[in-house]
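Q: Residue strings, one per chain:
2 protein chains.
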Amino acid sequence: MGKALVIGVDLGGTKVATAAADLDGLLLAKVIEPTRPERGIGAVIETIVDTIKEAATSAGASKSDIRSVGIGSPGPIDPKAGVVVFAPNLMWHNVPIVELLESELDLPVCLENDANVAALGEYRFGAGRKSSNMVYITVSTGVGGGLILDGEIYAGSFGMAGEVGHMTIADDGPLCGCGNQGCLEALAAGPAIARKAQACILHGQETIMTDMVSGRLEEITSKTVGEAAAAGDILAKEIVDKAAEYLGIGIANLINVINPDTIVIGGGVSNMGELLLQPLRRATQRRAMKAAFEKVEIVKAELGSDAGVVGAVCLALGRL
Amino acid sequence: MGKALVIGVDLGGTKVATAAADLDGLLLAKVIEPTRPERGIGAVIETIVDTIKEAATSAGASKSDIRSVGIGSPGPIDPKAGVVVFAPNLMWHNVPIVELLESELDLPVCLENDANVAALGEYRFGAGRKSSNMVYITVSTGVGGGLILDGEIYAGSFGMAGEVGHMTIADDGPLCGCGNQGCLEALAAGPAIARKAQACILHGQETIMTDMVSGRLEEITSKTVGEAAAAGDILAKEIVDKAAEYLGIGIANLINVINPDTIVIGGGVSNMGELLLQPLRRATQRRAMKAAFEKVEIVKAELGSDAGVVGAVCLALGRL
Numbered sequence: 007m008g009k010a011l012v013i014g015v016d017l018g019g020t021k022v023a024t025a026a027a028d029l030d031g032l033l034l035a036k037v038i039e040p041t042r043p044e045r046g047i048g049a050v051i052e053t054i055v056d057t058i059k060e061a062a063t064s065a066g067a068s069k070s071d072i073r074s075v076g077i078g079s080p081g082p083i084d085p086k087a088g089v090v091v092f093a094p095n096l097m098w099h100n101v102p103i104v105e106l107l108e109s110e111l112d113l114p115v116c117l118e119n120d121a122n123v124a125a126l127g128e129y130r131f132g133a134g135r136k137s138s139n140m141v142y143i144t145v146s147t148g149v150g151g152g153l154i155l156d157g158e159i160y161a162g163s164f165g166m167a168g169e170v171g172h173m174t175i176a177d178d179g180p181l182c183g184c185g186n187q188g189c190l191e192a193l194a195a196g197p198a199i200a201r202k203a204q205a206c207i208l209h210g211q212e213t214i215m216t217d218m219v220s221g222r223l224e225e226i227t228s229k230t231v232g233e234a235a236a237a238g239d240i241l242a243k244e245i246v247d248k249a250a251e252y253l254g255i256g257i258a259n260l261i262n263v264i265n266p267d268t269i270v271i272g273g274g275v276s277n278m279g280e281l282l283l284q285p286l287r288r289a290t291q292r293r294a295m296k297a298a299f300e301k302v303e304i305v306k307a308e309l310g311s312d313a314g315v316v317g318a319v320c321l322a323l324g325r326l
Numbered sequence: 007m008g009k010a011l012v013i014g015v016d017l018g019g020t021k022v023a024t025a026a027a028d029l030d031g032l033l034l035a036k037v038i039e040p041t042r043p044e045r046g047i048g049a050v051i052e053t054i055v056d057t058i059k060e061a062a063t064s065a066g067a068s069k070s071d072i073r074s075v076g077i078g079s080p081g082p083i084d085p086k087a088g089v090v091v092f093a094p095n096l097m098w099h100n101v102p103i104v105e106l107l108e109s110e111l112d113l114p115v116c117l118e119n120d121a122n123v124a125a126l127g128e129y130r131f132g133a134g135r136k137s138s139n140m141v142y143i144t145v146s147t148g149v150g151g152g153l154i155l156d157g158e159i160y161a162g163s164f165g166m167a168g169e170v171g172h173m174t175i176a177d178d179g180p181l182c183g184c185g186n187q188g189c190l191e192a193l194a195a196g197p198a199i200a201r202k203a204q205a206c207i208l209h210g211q212e213t214i215m216t217d218m219v220s221g222r223l224e225e226i227t228s229k230t231v232g233e234a235a236a237a238g239d240i241l242a243k244e245i246v247d248k249a250a251e252y253l254g255i256g257i258a259n260l261i262n263v264i265n266p267d268t269i270v271i272g273g274g275v276s277n278m279g280e281l282l283l284q285p286l287r288r289a290t291q292r293r294a295m296k297a298a299f300e301k302v303e304i305v306k307a308e309l310g311s312d313a314g315v316v317g318a319v320c321l322a323l324g325r326l
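So the protein sequences, as listed, match chains A and B. Whatever position you read off the first sequence (first residue = 1), add 6 for the working numbering. Whatever position you read off the second sequence (first residue = 1), add 6 for the working numbering.
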């Protein structure tokens, strides 16, 4: 018999990342498998169970050494009922994932929304280690978030808190995928940044981005824009500054309402680093209440794509 | 010797309202005195102490029957240190009110921001009685707010949470008193509603409001606009609808971020009742995440101008 383990599962639309950790949360092994949700719920559950067993084995232990499982899923989810309410990427609707996994594994399983779980990971082992009230914002294909209040995930009355990307910050702004207009996500997520660059180029503005994608404008992503801005491209820098300003408005709103000590910014777009964070902090300062802004740290996430599994491990530890 | 009492004090720039209550929170007596802050800190503290003794006497008891005192003050305040950090209406800066009152009274004194205290009052004895996560919004000269999360005041890391009036909802909107632009307060508080009516009349729009103030446009307030709208005036109705839309955007943002079960709307402007609340709910529905909107109640506050003293009584009860 090996030593006691907990398991963290980061369930996504494209892959399942599963980690085994010791009871201090130290990661011992990580396994990644494609999710392939088109195979149906049962097959995805089987994949999750397989990755859990494999992670335990890779950690030099076995299934019987596992004490608990934490899982982060796309949401909205119902954490009390253990149900994934709706996850378009998985094509899931009201899937009782906790019940399904508990009957397969005969272990306590704990479910939370993926952004909340990533927030928990950054809070415990990442950029929010010194925090007690922390807002986590992830900027990639969308803008998501998670709140840690008084040291714990705050999920709201129905598990749906932290949808920071759908704050309206421009009352007559562009349409958002959610049906509303002027959402932070519609203005500052990766696709909005890429679209802005494409539109400016089509309107004749000069930029090195055109050459970077060999004229195939549809290949421009927010990463292209970030790299061009880092290389000194004026248009790219303007687009990054504008996205940073919108993010700064959203963050100022969160500071004014929640008065956190730390804001942690993760997701692919945050990889631009200070190029994004400097204009973002300036915009936040202009928009937030002075006394609250002066006391908040705005920092880049530290765990990268591991935030999800690390947070899921923390969730599992919380169930011991 | 009378029965055991607690005291709640609602400290404002114009008046001090002080209530004595029994240990179930039932109000037994209320005393109101002008604050007259121009007399200096010592004189205001003396007024507070006098109202406390008078409220105890009116309740058929005496100072020795008082168990604890709760006080709501304009903020920002530091609840842990018991200090009013900055209150322009009182001309106070870093006043250690808890220490000053405790040394006068020899009783435990508990301080919170006035909007948070009013939120607590509505939560315990008003429109939020059935809630566990509640957002209180007060719309009058400004737009303020307080959060009750998991049944307790959530004041943030530094006592400054709940500044919902300074969320930016129109990125290039009108200037706000706080220095930012497009704040909810600059778009939907009483003065914004009155200004809009005045501007429309000056631009030649017809409305019964002109007669209601006998042509003295500077006398138009949000109350005038509400009364004209209730009487069927088209311009007034449009102005109320627009303010309701802005409030709806702000409330949708709070729903998306905090996922409360109840939103309670108080303050003078909320006295318009359903005239304001109906278009406000429609705007909120358009802007908020569907699943979260479906589960939230948006209701008018019940305690009116008593929310502050009732909440301060609750604060005092919490110190027993």
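Keep in mind that the hints are not guaranteed to be accurate.
Because identical chains cannot be distinguished in the list, a pair is counted as satisfied if it fits within a single copy or across any two copies.
[Claimed, not checked] When the alpha-carbon atoms are kept at most 25 Å apart in a straight line, the in silico DMTMM-like pairs for lysine to aspartate or glutamate are as follows:
1. Lys229 x Glu105
2. Lys59 x Glu212
3. Lys36 x Glu280
4. Lys59 x Asp267
5. Lys296 x Glu108
6. Lys9 x Glu300
7. Lys248 x Glu44
8. Lys248 x Asp177
9. Lys229 x Asp156
10. Lys69 x Glu105
11. Lys301 x Glu158
12. Lys136 x Asp84
13. Lys86 x Glu158
14. Lys248 x Asp217
What the hints contain is simulated information worked out from the structure, not anything from laboratory work. Since we're looking at a predicted model, the values are computed, not measured.
Q: Determine for every hint whether it applies to the structure shown.
A: Comparing the hints with the structure gives:
1. With identical chains, the CA atoms of Lys229 and Glu105 are never at most 25 Å apart, being 40 Å at best within one copy and 55 Å at best between copies.
2. Proximity of Lys59 to Glu212 under the C-alpha cut-off of 25 Å is found in neither arrangement, the shortest distances being 54 Å within a copy and 75 Å between copies.
3. With identical chains, the CA atoms of Lys36 and Glu280 are never at most 25 Å apart, being 30 Å at best within one copy and 56 Å at best between copies.
4. For the identical chains of this complex, Lys59 and Asp267 are neighbours neither inside a copy (39 Å) nor across copies (40 Å), given an alpha-carbon limit of 25 Å.
5. Proximity of Lys296 to Glu108 under the C-alpha cut-off of 25 Å is found in neither arrangement, the shortest distances being 49 Å within a copy and 30 Å between copies.
6. For the identical chains of this complex, Lys9 and Glu300 are neighbours neither inside a copy (46 Å) nor across copies (46 Å), given an alpha-carbon limit of 25 Å.
7. Taking CA atoms no more than 25 Å apart as the test, Lys248 paired with Glu44 passes in neither setting, with 38 Å inside one copy and 46 Å between copies.
8. Taking identical chains as interchangeable, the C-alpha atoms of Lys248 and Asp177 lie at most 25 Å apart whether they share a chain (17 Å) or sit on different chains (12 Å).
9. In the homo-oligomer, the alpha carbons of Lys229 and Asp156 never lie at most 25 Å apart, since the shortest distance is 35 Å inside one protomer and 40 Å across protomers.
10. For the identical chains of this complex, Lys69 and Glu105 are intra-copy neighbours only, at 18 Å inside a copy versus 58 Å across copies, given an alpha-carbon limit of 25 Å.
11. Taking the shortest Cα distances, Lys301 and Glu158 sit within 25 Å of each other both inside one copy (20 Å) and across copies (23 Å).
12. Taking the closest pair of Cα atoms, Lys136 and Asp84 come within 25 Å of each other only across two copies (20 Å); inside a single copy the shortest separation is 29 Å, beyond that limit.
13. Taking identical chains as interchangeable, the C-alpha atoms of Lys86 and Glu158 lie at most 25 Å apart whether they share a chain (15 Å) or sit on different chains (20 Å).
14. In this homomeric assembly, Lys248 and Asp217 come within 25 Å of each other (Cα to Cα) only inside a single copy, at 23 Å, whereas the closest approach across copies is 47 Å.
The structure shown violates the earlier hints numbered 1, 2, 3, 4, 5, 6, 7, 9.
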